[in-house]
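Enquirer: Okay, here's what each chain looks like letter by letter:
Protein chains: 2
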Amino acid sequence: MTSQLPVDATTDDPDVLAAYRTDRAAFCPSGTPRALVRARSLDDVVETLRWANENNVPVVPQGARTGLSGGANALDGCVLLNVEKLDQILEIDVEEQIAVVQPGVINGTLAAAVAEKGLYYPPDPGSKDISSIGGNVATNAGGMCCLKYGVTGDFVRALQVVLADGRVMRTGRRTAKGVAGYDLTRLFVGSEGTLGVVTEVTVALRSAAARPLAAVAFFDTMSDACRAVADHLGAGFRPAALELMDAATIEAVGRMRDLGFPPGVGAVLIAQSDAGTRAPEELAAFEGSARRCSATEVIVSDDPAEADLLMQGRRLVGLALEQYPASLVDDICVPRRNLAVLVDGIERIAEEHGVTIATCGHAGDGNMHPAVLFDLAQADAAQRAFDEIMRLGLKLGGTITGEHGVGFLKRAWLARELDETALWSHHQIKQALDPRGILNPGRVINSTATGRGENDQRSF
Amino acid sequence: MTSQLPVDATTDDPDVLAAYRTDRAAFCPSGTPRALVRARSLDDVVETLRWANENNVPVVPQGARTGLSGGANALDGCVLLNVEKLDQILEIDVEEQIAVVQPGVINGTLAAAVAEKGLYYPPDPGSKDISSIGGNVATNAGGMCCLKYGVTGDFVRALQVVLADGRVMRTGRRTAKGVAGYDLTRLFVGSEGTLGVVTEVTVALRSAAARPLAAVAFFDTMSDACRAVADHLGAGFRPAALELMDAATIEAVGRMRDLGFPPGVGAVLIAQSDAGTRAPEELAAFEGSARRCSATEVIVSDDPAEADLLMQGRRLVGLALEQYPASLVDDICVPRRNLAVLVDGIERIAEEHGVTIATCGHAGDGNMHPAVLFDLAQADAAQRAFDEIMRLGLKLGGTITGEHGVGFLKRAWLARELDETALWSHHQIKQALDPRGILNPGRVINSTATGRGENDQRSF
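In order, the protein sequences belong to chains A and B. Going by my numbering, 92 is the number at position 13 of the first sequence; the sequence numbering is gapless. Going by my numbering, 480 is the number at position 401 of the second sequence; the sequence numbering is gapless.
Only chain A is shown next, with the shape it has when bound in the complex (with noise of 0.2 angstroms):
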């Protein structure tokens, strides 16, 4: 079956194929696909899906597979397309500070690699040393950053775009500013591999920043830390980071590495600021909205190395809750104010199904990460759990997903947040760029077309 695939790179073998079957979402199923495509160059990329779209093959693009929300899972009778070979950083500009690099470069070798040129790239999502920039442009990637510099579209120029039927087309332009046309840039970063696979990338870049200082804070209650969070932001702060963890994130984390913290800790807020001269007085504020609400200690650092180390603390939340027999992360993003009436309801729900939830998060966005910890017997509590989550969010007037994408694991909540005529648009622009539907069907959207031999149940 797999000959009819005019590509070198293809495999069958069945046990890179079972390798290559899931991304990192807990408990989304995957079908067995019938071929991998390596792509090794465009037109790999651009044959593979001429040939799936004449023969109606399902399609499903995959990067580092780093995801979060089963976008990446193999669909029966599939081909996987996966990019992680297009990974050379093509360009660094320093002059007009971009870089155009392939979609499989890892997204902290991008940020390393523009270091050394005095350039900043700032998306930096938590999987930043295991994701690709192509996933990251195909969720629009968030990470700790984001409430000071913006997401991962924030600095997305231009891309180029193999459509459904194997055509090539670029959008944007490498220049700050246009508006020639419909965004098309915008509309492919975060489509999640449904409208077309993109197989180069221009992003912004920005002049380096200093580098970071940081302050922790302790509180006995997540309570307090949103309170916290609330009053600095509200004095016109804007932190390079500010991110919220709760007692049982810290435990997992402290199982792994001693970060030093106070022992009881109800929740610890840690504040980053890259200003430069004034960092100091950031971090002093910080430290004032802290102690105003009820923190039992602040500590505010003056090296960028303890920084860096409390961050790194920060970034191993996903690696800790490994530990745990199984977990369901969420990600739903409210409006700040809400942030506390959303932590205390979660407590609430994980109270009421029986199970533990770690939260933890960029508190500055209102984008919080609840991950249901469970064993195995604890499947269809948990399941409950995490929806109730994002039920919750939405009444708070957020939103299901600030950064990890729909993927599979969520597409049965897209529609309780959007409304039918955006959800109908969603239908027609899929419709219009992608008319078999060969493109990751049923991910993000049920859409109509191939998705078949998809287990639509989710599967513990």
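Hints listed in this document are in silico derivations from the structure and should not be mistaken for laboratory results. Hints are not guaranteed to be accurate.
Copies of the same chain are indistinguishable here, so a pair counts whether it falls within one copy or spans any two.
Claimed, not checked - Keeping only pairs whose Cα atoms sit at most 20 angstroms apart, straight-line, the calculated SDA-like set for lysine to any residue is: (1) Lys196 / Asp310; (2) Lys227 / Ser286; (3) Lys474 / Arg249; (4) Lys227 / Leu198; (5) Lys227 / Gly355; (6) Lys227 / Ala288; (7) Lys196 / Phe340; (8) Lys227 / Arg357; (9) Lys227 / Ala287; (10) Lys164 / Asp498.
Everything numeric in this text was worked out from a predicted model, so none of it was measured.
Model the placement of chain B on the given structure of chain A, informed by the hints.
Expert: Coordinates of chain B only, in the frame set by chain A:
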């Protein structure tokens, strides 16, 4: 005929219709509308579109009609759907730093209203005192502040949109982040009334910045000024504005107001800093750059009132050019390193075509507004010069429009900037969301649908 339109706020008074036939673009054809609806409610918009869609009548959405590309000009037999009376600021949420406004709110009115609450709405097109938020959204308007803060689209969180068939849709969200579904908000931003009519806009705000200080540098040549731009930005600075004016522009403005500039100046560069305590440092660095690039004089002011006056001078350019019998204002944006080449090329184009071109613009973004100034007898030469500037912009890796939009004026040029597949995508999206092609047909893209009666020839 109009009696069919089931909306009270309708007129077919020929004098009124005549007054609403055009925006501020020079030399764009405008047809004879059948009716004008001055919508006073969402229902007026819904009913107008529903009726027009059922009856296959073209609809031209209008706001303050300050656009510069003919996108709001009447088409023969169209309904002009004007939303300038939908002019309420519905909400300013200080804690969340967002505002919800109707499309007819004037940009400057919103900026002033949020400033009273200690907040800042950065997008500041040159037209800010007369242009409305709806139009700013429709064109993704820029301004002076884009270099530091971004364009209109960067501040739009959510929209209420009425689709061609009268259905109402919400896009986006109030939260700082969110990736649930396609980015319909950004698709509608900059779509110039061809995909839907925006009836509500939720914008992000920022904490008030410090009152800006400014410096002004004088040069013998535009080329020196361009080098100073590169020097200053290359050092990692990101001023709140970096505006360039050539001798012809200075002369035109000087006839309206004495700017106190030395005589015989070839180019002036104005830098603005709102960095508060760091503003003097930024402006001193700007002075250094200017002097390294042969500035004949540099004045650094420590008085915000003087900065205001300088920027007011810059903002007078539009009015100043109206002194000339006729003008065609271009809007190319090029990679910054090509700014000097662009400026040289524009001077050459002026000579070759025997017209005057006054050039000013947002030098920090590479976004220039060369205005071809001419007597009506020179109309053909002026048009050729205008086109030649766009050709040069594209050749230098730029775009035909940085912030004014395509409208009617530049739609033939869109096909030169975009590749065939990108153009196809535009048509597919247009067809998907407006199947009968009633919304602003023939603007941005040559729609295949109802654009009947439009004169495709430029009419001088």
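Enquirer: Which hints, by number, does the structure contradict?
Expert: Violated hints (numbers, rising): 7, 10; every other hint is consistent with the structure.
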